[in-house]
Amino acid sequence: MLAQLLNRIDSYLLLHCTLRDLEAWLLSNLQRILDSGEDTAIDLANEVDVDLVELGEDLIDELTFRERLQSYIRSGDTLLVQSQPNHTSSIYTTYEHEWAPKALPQQQHLGWKYVDIELGTAS
11 MLAQLLNRID
21 SYLLLHCTLR
31 DLEAWLLSNL
41 QRILDSGEDT
51 AIDLANEVDV
61 DLVELGEDLI
71 DELTFRERLQ
81 SYIRSGDTLL
91 VQSQPNHTSS
101 IYTTYEHEWA
111 PKALPQQQHL
121 GWKYVDIELG
131 TAS
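Its first residue numbered 11, the sequence shown is counted upward by one per residue in our numbering.
For the record, the hints were derived by calculation from the structure and aren't laboratory data. Careful, some of the hints might be misleading.
To be verified - Computed beta-carbon distance windows for the label pairs:
| no. | residue 1 | residue 2 | range |
| --- | --- | --- | --- |
| 1 | Gly47 | Asp68 | 30 to 40 Å |
| 2 | Gly47 | Leu73 | 31 to 41 Å |
| 3 | Thr74 | Cys27 | 15 to 25 Å |
| 4 | Asp31 | Thr74 | 14 to 24 Å |
| 5 | Leu24 | Thr74 | 15 to 25 Å |
| 6 | Asp71 | Asp45 | 24 to 34 Å |
| 7 | Arg84 | Val60 | 12 to 22 Å |
| 8 | Asp45 | Leu73 | 24 to 34 Å |
| 9 | Asn56 | Arg84 | 11 to 21 Å |
| 10 | Asp71 | Gly47 | 26 to 36 Å |
| 11 | Ile70 | Ala34 | 16 to 26 Å |
| 12 | Leu25 | Gly47 | 29 to 39 Å |
The beta carbon of each residue, even a glycine, is placed where N, CA and C say it ideally should be.
Modelling step: build the complete structure from the supplied sequences, incorporating the hints.
This is the structure:
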C-alpha cells in the first residue's frame with residue numbers, strides 16, 4: 011500500500027491528477043491502508059489526511075500542502091519498507107519494497123500567472 015500511496019502523491023505533485031483526485035483516492039483507500047498493517051503507509055496516510063483537513067479549513071494554502079507532500083517524499087532518497095514476516099514452519103521470509111520519486115515538478119506559485127511569450131524583432 012505504501013508504494014500505491016507514494017505513486018498517488020507523486021502523480022499529484024507532477025500535476026497528473028488534481029487535489030480532489032488525491033483526496034478521493036485517499037478516502038476510498040484509507041481503510042485498506044489501515045488494514046495493511048504497514049506502519050510507514052499508515053503514518054504517511056495520516057499525515058496527508060491531516061494536511062487535507064488543514065487545507066480544507068484554510069489553515070494552509072495549496073502551495074504549503076504541496077511543499078509538505080514533497081518533504082514527505084524527500085525524507086529519504088529512497089524509502090525502504092519491510093513488511094511483517096510470514097512464518098512457515100521455522101522459516102521466516104521478509105519482503106522489501108523500494109520506491110523513489112519519478113521527478114519533482116518545478117516550483118510554481120499559485121498567485122502567479124504563467125504565459126508564453128513570443129519574441130519578435132522591432133523595426
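Practice item. Take a look at whether the Cβ-Cβ distance between Leu24 and Thr74 falls inside 15 to 25 Å. Key: Because 18 Å falls inside the window, the suggested range holds.
Check your understanding: Arg84 and Val60, beta-carbon distance inside 12 to 22 Å?
Key -> 18 Å Cβ-Cβ, so the 12 to 22 Å window holds.
Check your understanding: Do the Cβ positions of Asp45 and Leu73 conform to the proposed distance bound of 24 to 34 Å?
Key -> Since the Cβ atoms of Asp45 and Leu73 sit about 33 Å apart, the hinted range of 24 to 34 Å holds.
Point to revise | Gly47 versus Leu73 beta-carbon gap, inside 31 to 41 Å or not | key: holds (34 Å)
Exercise for review: Determine whether the Cβ-Cβ distance between Asp31 and Thr74 falls within the hinted range of 14 to 24 Å.
Suggested key: holds (19 Å)
Check your understanding: Do the beta carbons of Ile70 and Ala34 sit within 16 to 26 Å of each other?
Key -> holds (19 Å)
Point to revise | Status of the given 29 to 39 Å range, CB of Gly47 versus CB of Leu25 | key: Holds, at about 32 Å.
Review point. In this structure, is the beta-carbon distance linking Gly47 and Asp68 contained in 30 to 40 Å?
Key: The hinted range 30 to 40 Å holds for Gly47 and Asp68, with Cβ atoms some 34 Å apart.
Review point. Within 26 to 36 Å or not, the Cβ separation of Asp71 and Gly47?
Key: Once the Cβ atoms are compared, 34 Å apart, the range 26 to 36 Å for Gly47 and Asp71 holds.
Practice item. For the range 15 to 25 Å, tell me whether the beta carbons of Thr74 and Cys27 fit it or not. Key: Check passed, 19 Å falls within 15 to 25 Å.
Exercise for review: Go ahead and decide if the range 11 to 21 Å is satisfied by the Cβ distance of Asn56 to Arg84.
Suggested key: At 18 Å between Cβs, range holds.
Point to revise | Distance restraint evaluation - Asp71, Asp45, Cβ atoms, bounds 24 to 34 Å | key: Distance hint for Asp71, Asp45 holds at roughly 33 Å.
Checked against the numbered hints listed earlier, the structure breaks none of them; every hint is satisfied.
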